[in-house]
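Going down the list, the protein sequences come from chains E and P. Mind the numbering: the first sequence is residues 1 to 337 in this note's numbering, read in order. Mind the numbering: the second sequence is residues 338 to 653 in this note's numbering, read in order.
Heads up, some of the hints might be wrong.
Below, a list of computed lysine to any residue pairs in the SDA-like style, where the Cα atoms sit at most 20 angstroms apart [said to hold, decoys possible]:
| # | chain 1 | residue 1 | chain 2 | residue 2 |
| --- | --- | --- | --- | --- |
| 1 | P | K455 | E | A335 |
| 2 | E | K228 | P | K545 |
| 3 | P | K455 | E | M330 |
| 4 | P | K455 | E | E337 |
| 5 | E | K228 | E | G214 |
| 6 | P | K545 | E | K306 |
| 7 | P | K455 | E | V283 |
| 8 | P | K544 | E | E337 |
| 9 | P | K495 | P | S373 |
| 10 | P | K544 | E | D334 |
| 11 | E | K306 | P | F475 |
What the hints contain is simulated information worked out from the structure, not anything from laboratory work. Predicted, not measured: the structure shown is a model, and the values here were computed from it.
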Amino acid sequence: MTDATVPRSAPAPAPYIVPHHPVRELLTGPVASIAFTVIAVVAVGLIWVGPRFLSFGNLGIMGAFLIVPLVVGACAGFALLSGVVDLSIGSMVGFSSALFALLLTLNWDPWSAGAVTLLACLAFGAINAIAIVGFGAEAIAATLGMLVALRGITWVLLGPQGAIFSFNPGLSDLVNQTLFGLPLFFLVAIVLTVIAAVVVTKTRFGRHVQAVGGDDRAATRAGIPVRKIRVAALLLASLGAGIGGIVFTAQLGSAARATGFGLEFQVYAALMIGGYSILRGGVGNPVGGALGLLAVAGVSNILDLKAISPYYVNIIVGLLLLAAVLLDRMRGGDAYE
Amino acid sequence: MSSGMRFQGWGTGLTLLAVWLLLIAATGLYRPAFLSHQTVLAVSFTMSIVGVLAIGQGLVAISGGFLDLSQPAGLIASSLVAVRLSEAGMPFAVVIVGAILTGMAWGGLNALIIVGAKLNPVIVTLATNFIGLAALFFAFQLAEVPLGSTIHQFGRAKLLGLPAIWWPMLALVLVVGFLIPRTRYGRRAIAVGGNRMAARARGISLKKTRFAIFIAAGGFVGFAGVLFCATSGPFNPSSANTLQLNVIAGVILAGISLAGGRGNFWLLLLSVGFLSTIPTALVFFGLSSDTQSIFQGLILISAVAFDGYRARRGIP
């Protein structure tokens, strides 16, 4: 009897301590599953395409293509973490690209054109924040409205031609610079992702964002300024989209109707594959999100190199997305009944 | 509670009607030519497909399924089936039934994933729309109903001065709006959307309700596919993508809560009618068709903000 009670009473406080297994978490956490996915994509690429899949030329092409999604995704991730999804980021990229191109054709210097463009994007982000945080609007629906409105504004800016050509040799040289054989701005975007990851995991602001997304009532009771955090996160998302649009215009030397069209779905699909959730805040990590974008870019690159129809990318992205939400649910995400 | 819900519905209805009449009056005063039969034709034509899709979207929303983002894929699949059946010389009734069954199968497939894996409908339908549209691109690049076939004539026919495709939309909205609060199935859908735990405690099967809702909503998407291919001319798999936002905006403006549990389907006639008037009115104001998205977007943001404000303050 006593033999039975002693071992039973000894570990009694155990349930009060959350078991923390850093090694196991490293292997089963969201970042791990997306890292394995990326490794699998690279392996498939190496076997199927051959060594040129990892050649600097090919990586440079992928890197240049990934700059905008990485920046947009890292910033929009903060909004997701705080529990509000911003669907207007794709249109915002298009708007920013069009406004920046328009200002360049009016002979503005790139710095002031960029500053005005970013301020305009922040203003639209503020409208999102007022509707969602101020009035309590449903985030998906309100930002869907902003998506439509910004698309209209972009089309009006682009005029009847539907495109603005704003080739600027200085800007083009700047974004096409390479370092160690990779686009310089791709490396900048990677550094930005790492900074975002450090902000999320190591700073007070990042922890507050996660707490607000996890449970806003608990966060309120803990004295966290929930509304301010959400406003900051939404502004950050629009700032990221603004930067993305400027980079687009600098890369392409033009802005067009298709710029940024549907980008929000591509970015969010990749972010969800990388461990974020668009329905509950508090989960996800910028590193996982960036790996999600890498995995999707890797898949489309492989299909591209093998000259296979790009529609297969959408099928694979759709299946990966379903697998990712299923994994998220099995890790303790909300079950929908 | 019930009288409060009804009152709230009529309040939204009166607001919508007032705003719609204001738009018509303002445009008519600025350009009297706006008040013509041509305008009525253009507005009712736009209303038809969006209205039928909005019924399906509204069913998903009211039962707590948030949104069905896979409507474009379901619509194109049904249209393709309708085109292939009419190319094979099938009678019009078979064409309609085939398209509706296709839509119902698509809705059932969505429900299978949603209920089977217990995943959120927004993400599931986002993914199935990706997959479905990509698969449809393998099936065809461009399709069109045969010229001179019954379905082609139906798309161009007029009845009592309005497009023939407008009348089925009107009938469906009226019937669904009448049946939802008055039948067992309709009440179950609202109960599940309002509070699924309470609904389950009262013995309502969540799984069966979800299946029924998504299959029924798919049936409306299938019928919208008939109207779509009858009127659109040659279409490709991405032709229906622009409809989606108008449909969602119509559902939200009609006060059908995306969170589920409340809404009056009859108000879809007002919200979809109002949204369909905007493009024509803007043309008369001398604004390019590009500006219509700006207005639609701003209206949607204001409507959702007002909805959130009302819910937060507890105003019925």
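These are the hints, each one checked on the structure:
1. P:K455 x E:A335: Holds: K455 of chain P and A335 of chain E sit about 5 angstroms apart, inside 20 angstroms.
2. E:K228 x P:K545: violated (42 angstroms)
3. P:K455 x E:M330: holds (10 angstroms)
4. P:K455 x E:E337: holds (6 angstroms)
5. E:K228 x E:G214: Distance of about 16 angstroms is within 20 angstroms: holds.
6. P:K545 x E:K306: violated (44 angstroms)
7. P:K455 x E:V283: holds (19 angstroms)
8. P:K544 x E:E337: holds (7 angstroms)
9. P:K495 x P:S373: holds (16 angstroms)
10. P:K544 x E:D334: Distance of about 16 angstroms is within 20 angstroms: holds.
11. E:K306 x P:F475: holds (18 angstroms)
The structure shown violates the earlier hints numbered 2, 6.
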